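Engineer: Sequence:
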Amino acid sequence: MIKKTLIWGIVVIFLLILTAMKIYQIIRLGWFFILSPLLGAVLAVIVSLLILWILWR
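Per my numbering, the sequence shown starts with residue 1, numbered consecutively.
It should be emphasised that the hints constitute simulated quantities derived from the structure, not laboratory data. Just to be clear, a hint being listed does not mean it is correct.
The calculated label-pair distances, taken between Cβ atoms and stated as ranges, are [claimed, not checked]:
hint : residue 1 : residue 2 : range
1    : Leu38     : Lys4      : 33 to 41 Å
2    : Ile51     : Leu29     : 31 to 39 Å
3    : Ile7      : Val47     : 54 to 62 Å
4    : Phe14     : Val45     : 41 to 49 Å
5    : Ile34     : Thr5      : 52 to 60 Å
6    : Ile46     : Tyr24     : 56 to 64 Å
As the structure is a prediction and not an experimental result, all values here were calculated from the model. Ideal Cβ placement from N, Cα and C applies to all residues, glycine included.
Put together the whole structure using the sequences plus the hints.
Structural biologist: The structure is reproduced here in structure tokens:
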């Protein structure tokens, strides 16, 4: 009984580690495909507003 529980525990821990790795990869993909372009767009808007402000002075 203890041996069977130990085997199931090892399998469950292994599956949890694999799931955590997949979640980490999905978060990284989200950063590269969503957050990074949004950050670039925000920086472009800030720089363009700064240039317009300098030109209008």
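Engineer: Which of the numbered hints are not met once you compare them with the structure shown?
Structural biologist: Failing hints, ascending: 1, 5 and 6.
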